[in-house]
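Please model the complete structure; the sequences and the hints are all you need to start from.
Number of protein chains: 2
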Amino acid sequence: MLASVAYAPGDLRVEQVPDPVVVEPTDAVVRVVLTCVCGSDLWGWRGIAPFSPGRRTGHEFLGVVEQVGPEVRDLRPGQLVVAPFAWSDGTCHYCRRGLQTSCVNGGVWGEGTSDGGQAEAVRVPCADGTLVPLPEGTPVERLRGVLALSDVFPTGHHAAKMAGVAKDATVAVVGDGAVGLCGVLASARLGASRIIAMSRHEDRAAVAKRFGATDVVAERGDEAIARVREITDGIGVDCVLECVGTDQAMATALGIATDGGQVGAVGVPYEVSTIDVQQMFSRNLGLRVGVAPARAYIEELLPDVLSGRFDPVPVFDHAYPLAEVPRAYRDMSARTTLKALVEVSTP
Amino acid sequence: MLASVAYAPGDLRVEQVPDPVVVEPTDAVVRVVLTCVCGSDLWGWRGIAPFSPGRRTGHEFLGVVEQVGPEVRDLRPGQLVVAPFAWSDGTCHYCRRGLQTSCVNGGVWGEGTSDGGQAEAVRVPCADGTLVPLPEGTPVERLRGVLALSDVFPTGHHAAKMAGVAKDATVAVVGDGAVGLCGVLASARLGASRIIAMSRHEDRAAVAKRFGATDVVAERGDEAIARVREITDGIGVDCVLECVGTDQAMATALGIATDGGQVGAVGVPYEVSTIDVQQMFSRNLGLRVGVAPARAYIEELLPDVLSGRFDPVPVFDHAYPLAEVPRAYRDMSARTTLKALVEVSTP
Chain E
1 MLASVAYAPG
11 DLRVEQVPDP
21 VVVEPTDAVV
31 RVVLTCVCGS
41 DLWGWRGIAP
51 FSPGRRTGHE
61 FLGVVEQVGP
71 EVRDLRPGQL
81 VVAPFAWSDG
91 TCHYCRRGLQ
101 TSCVNGGVWG
111 EGTSDGGQAE
121 AVRVPCADGT
131 LVPLPEGTPV
141 ERLRGVLALS
151 DVFPTGHHAA
161 KMAGVAKDAT
171 VAVVGDGAVG
181 LCGVLASARL
191 GASRIIAMSR
201 HEDRAAVAKR
211 FGATDVVAER
221 GDEAIARVRE
231 ITDGIGVDCV
241 LECVGTDQAM
251 ATALGIATDG
261 GQVGAVGVPY
271 EVSTIDVQQM
281 FSRNLGLRVG
291 VAPARAYIEE
301 LLPDVLSGRF
311 DPVPVFDHAY
321 PLAEVPRAYR
331 DMSARTTLKA
341 LVEVSTP
Chain B
1 MLASVAYAPG
11 DLRVEQVPDP
21 VVVEPTDAVV
31 RVVLTCVCGS
41 DLWGWRGIAP
51 FSPGRRTGHE
61 FLGVVEQVGP
71 EVRDLRPGQL
81 VVAPFAWSDG
91 TCHYCRRGLQ
101 TSCVNGGVWG
111 EGTSDGGQAE
121 AVRVPCADGT
131 LVPLPEGTPV
141 ERLRGVLALS
151 DVFPTGHHAA
161 KMAGVAKDAT
171 VAVVGDGAVG
181 LCGVLASARL
191 GASRIIAMSR
201 HEDRAAVAKR
211 FGATDVVAER
221 GDEAIARVRE
231 ITDGIGVDCV
241 LECVGTDQAM
251 ATALGIATDG
261 GQVGAVGVPY
271 EVSTIDVQQM
281 FSRNLGLRVG
291 VAPARAYIEE
301 LLPDVLSGRF
311 DPVPVFDHAY
321 PLAEVPRAYR
331 DMSARTTLKA
341 LVEVSTP
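Quick mapping for you: the protein sequence lines, in order, are chains E and B.
Residue numbers are given in UniProt numbering: position 135 of the first sequence equals residue 135, and the series is strictly consecutive.
Residue numbers are given in UniProt numbering: position 298 of the second sequence equals residue 298, and the series is strictly consecutive.
Hint data in this document are derived by calculation from the structure and do not stem from the laboratory.
Possibly wrong hints are sitting among the right ones.
Quick list of simulated restraints, FRET-style, between CB atoms [said to hold, decoys possible]:
hint	chain 1	residue 1	chain 2	residue 2	range
1	B	Leu306	E	Gly308	56 to 64 Å
2	E	Gly98	B	Pro70	52 to 60 Å
3	E	Val108	B	Arg327	54 to 62 Å
To give an idea of the chain B side of the interface with chain E (calculated C-beta under 7 Å), a few residues [what the hints assert, rightly or not]:
hint	residue
4	Leu42
5	Trp43
6	Val216
7	Ile231
8	Asp259
9	Gln278
10	Gly286
11	Val289
12	Gly290
So, partial list: chain B residues that the calculated Cβ filter (under 10 Å) puts toward chain E [said to hold, decoys possible]:
hint	residue
13	Gly44
14	His93
15	Ser102
16	Asp233
17	Gly245
18	Met250
19	Gln262
20	Ser273
21	Ile275
22	Val277
23	Met280
24	Asn284
25	Val291
C-beta: ideal position from N, C-alpha, C; glycine also.
Shown next, in the form of structure tokens:
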């Protein structure tokens, strides 16, 4: 089969690799229908994240179950399934608490020798704990929205949950990438009364507004803090979603939170070196940082995606065939593509 | 009157100063009955915190109202009152939300030209918003416990609340000073099922056990993390109270939290320079840091203190007259006194 393999920063190749097969009795093999490229894929591609030559790429996919191991009970060949970006056994202490990213038997696609999602097929460990079957008769035109449940929408949702977004909360979202935009969508879904999107790109701000943003702030750094304070009567916002992962984004997030407010940070913090703890102390700020347990949220978000009531599809602004995954990375890195959809096969 | 005045780090003098009088119509003057010394008083005394020569010291006191300004409505001369360590107007946006430490008209005793609590009397701004009258007939033998409501017990309680302590939570408390011990007491009061006190001092560990600690861990640093993990089946605890304010204490606090856990930090973070944000991300940790809005908690904690059901008095292990405040600081700095009670006058 074809799969995307990373050789070096900037050197990604879609090439022939052995077809995946069931190895463990709890495995399944999934033929990929749709996959996509994540902002976090670019960290390794740019050489910022630790990099293992030869690793597979991609951690978001939706597809059709082709084979199941003898101990797989809840899945059968032919089912359409969506995979969260990490596999998990569904039974350990952390999985039972809904924190599948800490699963004692878990991992993230592409780590070590595991398969990646940017491929024609994937061997899925702990298939029962990991994969979520879609309802019979799910319309093909909703599959792109369902693919967003692999990572980007649950991650925006996780930022909102960690920031304490609830009915009538005032919210600001730092970062106008696909995750930040999904954070806007998730905040609207959770009933926020005001959602300030921080964006200086007109096309992304337009998606933010479509997703429920009530205000757009284009400033950055101290000017962004001043502007948000200005439009909130000097008070700041209850909840801040930090969806970038840099020192500047974190400083902005803390600076625009109201005293007693809460920041939920999902930007992979490769470029966060400092936190202003003195400010947190004097203003009673909370910070929760975390990789989203996407598996915990898929069932909750799926009905709203299937109905189109909260539809993340607008984050996918360009589609590519599998062979053009390297171009998709280049386009996302150049910011000419917000989030690349990769069409692999038909369901 | 006599008041304690700080001249330089290590140079504290109890000397004659002008008697306080009502200046603003919302002021009261309180004759001090009991005051005490806080661990945070030592930061300035040791020269670690910013220091203003000539400032008054002490921010915890209980006393009798002597005079009230013409706009004070809820207090009358002769009432016994306890003061939280910060004054607040009780009416601003933040006070209405229970975050009186962010009051737009607030301040902390001893800041600027304000009076300090280690004195014979104190001018209290925003008296109605600040002072809490005690019930008629409060027995004299309960006043030491009520004095603890100025700061140390609400601060321990705030750490527990920020760490999310609730019924059946597993808890660890980093720091065996008076605040940490009150954090143990507050966690017991909130229904924690297990409370691990981190202490290497036998006398303090004994108070921790009396306050409800189920385990005592004497190790520090990485050994403390290993020990807590060992006694929690490798999982760590749900809630960690960080009651020190150093890099090591913060690292220990994050290290012993279970994945998905929460740290509440009340140690004044003069010596916190770094936070391991990558660990927080991979393990989904939360951190809330804050100065306790003591005023918000006094009414809640007062009945349990008056009944003796949750009695913080054991944190006061030595009593001093006002004239010996400098010795009290020296003894606390040398750790021969845990928390110094200062007896100023009779109620």
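Here is what the structure says about each hint:
Hint check: Leu306 of chain B to Gly308 of chain E, Cβ distance near 58 Å, so the stated range 56 to 64 Å holds. The hinted window of 52 to 60 Å between Gly98 of chain E and Pro70 of chain B holds, with their beta carbons roughly 57 Å apart. The supplied range of 54 to 62 Å is met by Val108 of chain E and Arg327 of chain B, whose beta-carbon atoms lie about 59 Å from each other. At a threshold of 7 Å, the smallest CB-CB gap from Leu42 of chain B to chain E is about 17 Å, leaving the interface hint violated.
Below 7 Å, beta-carbon pairs count as interface contacts, and Trp43 of chain B has none with chain E, the closest being about 13 Å; its hint is therefore violated. With its C-beta approaching chain E no nearer than about 25 Å, Val216 of chain B sits outside the 7 Å limit, and its interface hint is violated. Because the smallest distance between the Cβ of Ile231 of chain B and any Cβ of chain E comes to about 16 Å, over 7 Å, the interface hint for this residue is violated. Interface restraint check: Asp259 of chain B against chain E, minimum CB-CB distance 4 Å, threshold 7 Å, status holds.
Taking 7 Å as the C-beta cut-off, the interface hint given for Gln278 of chain B holds, the closest approach to chain E being about 6 Å. The beta carbon of Gly286 of chain B is positioned within 7 Å of a beta carbon in chain E (closest approach about 4 Å), and the interface hint is therefore held. The interface hint given for Val289 of chain B holds, since its Cβ lies 4 Å from the closest Cβ of chain E, which is under the 7 Å cut-off. The interface hint given for Gly290 of chain B holds, since its Cβ lies 3 Å from the closest Cβ of chain E, which is under the 7 Å cut-off.
About 15 Å separates the beta-carbon of Gly44 of chain B from the nearest beta-carbon of chain E, more than 10 Å, and the hint is not met. With a least beta-carbon distance of about 6 Å to chain E, the hint placing His93 of chain B at the interface is held under the 10 Å criterion. Satisfaction of the interface hint for Ser102 of chain B is found here, the shortest Cβ-Cβ separation to chain E being roughly 4 Å, below the 10 Å cut-off. For Asp233 of chain B, the shortest C-beta to C-beta distance to chain E is roughly 9 Å, which falls under 10 Å, so the interface hint holds.
With a cut of 10 Å, the hint placing Gly245 of chain B at the interface with chain E holds, because the nearest CB-to-CB distance is about 8 Å. Using the Cβ-Cβ criterion of 10 Å, the hint placing Met250 of chain B at the interface with chain E is satisfied: the shortest such distance is roughly 8 Å. About 8 Å separates the beta-carbon of Gln262 of chain B from the nearest beta-carbon of chain E, less than 10 Å, and the hint is met. Taken as an interface hint, Ser273 of chain B checks out: its beta carbon lies about 8 Å from the nearest beta carbon of chain E, inside 10 Å.
Using the Cβ-Cβ criterion of 10 Å, the hint placing Ile275 of chain B at the interface with chain E is satisfied: the shortest such distance is roughly 4 Å. Using the Cβ-Cβ criterion of 10 Å, the hint placing Val277 of chain B at the interface with chain E is satisfied: the shortest such distance is roughly 4 Å. Annotation: Met280 of chain B was flagged as interfacial toward chain E, and the flag holds, the nearest CB pair being 4 Å apart, inside 10 Å. The criterion of a C-beta within 10 Å of any C-beta in chain E is met by Asn284 of chain B, whose closest approach is roughly 3 Å, and the hint holds.
Because the beta carbon of Val291 of chain B sits about 6 Å from the nearest beta carbon in chain E, less than 10 Å, this interface hint is met.
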